Amino acid sequence: MARQLRTLAEAADLCAARQRITILTGAGISTASGIPDYRGPDGVWTKDPKAERISTLDWYLNDPDVRRIAWQKELHSPARAAQPNVAHHAITSLQREGRLRGCVTTNIDGLHALAGTTGVVEVHGSGRRWRCEDCPAGGDIRELLDLVEAGDPDPTCPRCGGITRAATILFGENLDPDVIDAATLAAQDCDVFIAVGTSLGVYPAAGLLPLAIRHGAPAIIVNAQETPYDDYATAVIREPIADALPWLLTGRP
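Number 248 in the working numbering belongs to position 248 of the sequence shown; there are no gaps in the numbering.
Just so you know, the hints here were simulated from the structure itself, not pulled from any lab data. Every clue listed holds true.
Listed next, with one range per pair, are the computed distances between beta-carbon atoms:
hint: 1; residue 1: R159; residue 2: H76; range: 22 to 32 Å
hint: 2; residue 1: G161; residue 2: D231; range: 51 to 61 Å
hint: 3; residue 1: R68; residue 2: Q225; range: 26 to 36 Å
hint: 4; residue 1: R96; residue 2: Q225; range: 27 to 37 Å
hint: 5; residue 1: G139; residue 2: D231; range: 43 to 53 Å
hint: 6; residue 1: G207; residue 2: D146; range: 33 to 43 Å
hint: 7; residue 1: A16; residue 2: T118; range: 16 to 26 Å
hint: 8; residue 1: A242; residue 2: R68; range: 30 to 40 Å
hint: 9; residue 1: G207; residue 2: Q83; range: 27 to 37 Å
hint: 10; residue 1: R159; residue 2: A224; range: 41 to 51 Å
hint: 11; residue 1: T156; residue 2: E239; range: 43 to 53 Å
hint: 12; residue 1: R159; residue 2: D243; range: 39 to 49 Å
hint: 13; residue 1: P204; residue 2: D13; range: 25 to 35 Å
hint: 14; residue 1: V179; residue 2: A17; range: 26 to 36 Å
What you are looking at is a predicted structure, and each value in this text was computed from that prediction instead of being measured. Using N, Cα and C, we set each Cβ at its ideal position, and we do this for glycine too.
Could you put the whole structure together from the sequences, leaning on the hints where they help?
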């Protein structure tokens with residue numbers, strides 16, 4: 001096993017010499033934007049395990065009360081007003097330099113796109129769009145949130161009257177194979193892989209880091225808590241993401 005780098009400055013030097021950087025982001029990158037994570041000490045599911053019901057396909061489709069709760073949570077979600085933070089913007093800057101091989105995220109908040117990063121691989125879909133369960137209709141989620149705000153607790157599809165929901169992947173639902181293929185290619189074809197703000201405990205996204213290592217890329221983990229892959233990483237960084245990631249990607253503290 002290669003010597004593990006001991007400092008953020010060493011890890012930044014490593015990144016400075018690389019031209020095809022793939023970044024995997026999880027909920028931790030968005031906490032500085034006011035969006036709580038799911039599984040951390042103050043996470044949404046840690047505080048309220050029942051909240052997982054609104055993210056489970058069977059519950060959502062078969063229980064109108066779950067859908068009503070889900071739409072209220074969408075309406076009042078911190079993501080509605082959240083803005084990208086310096087970590088999101090650092091990734092966009094890396095892309096503008098031509099050194100971003102791919103940005104893969106398990107987040108559904110859309111903050112990477114708001115920061116200007118293009119071609120983001122959204123493994124779990126987007127909370128900024130809605131979809132119908134019964135027809136191909138979909139659009140900006142604000143369209144349906146306006147209906148909820150006007151008093152419709154469970155808005156149906158304006159095209160066919162079917163069940164609507166945010167265009168995210170729910171528990172019990174298959175991931176989009178084209179999206180997974182794109183994420184896999186980004187991990188295989190990079191010269192450094194950086195995992196940011198993710199526990200690396202949910203697959204298949206968690207499997208991208210060891211995949212990158214097997215294809216010869218050093219891996220850097222930036223996360224407050226331990227992950228199952230810390231011992232395999234070239235560097236493990238515990239500093240706050242909003243401080244660490246810009247330094248990693250620009251070489252400047």
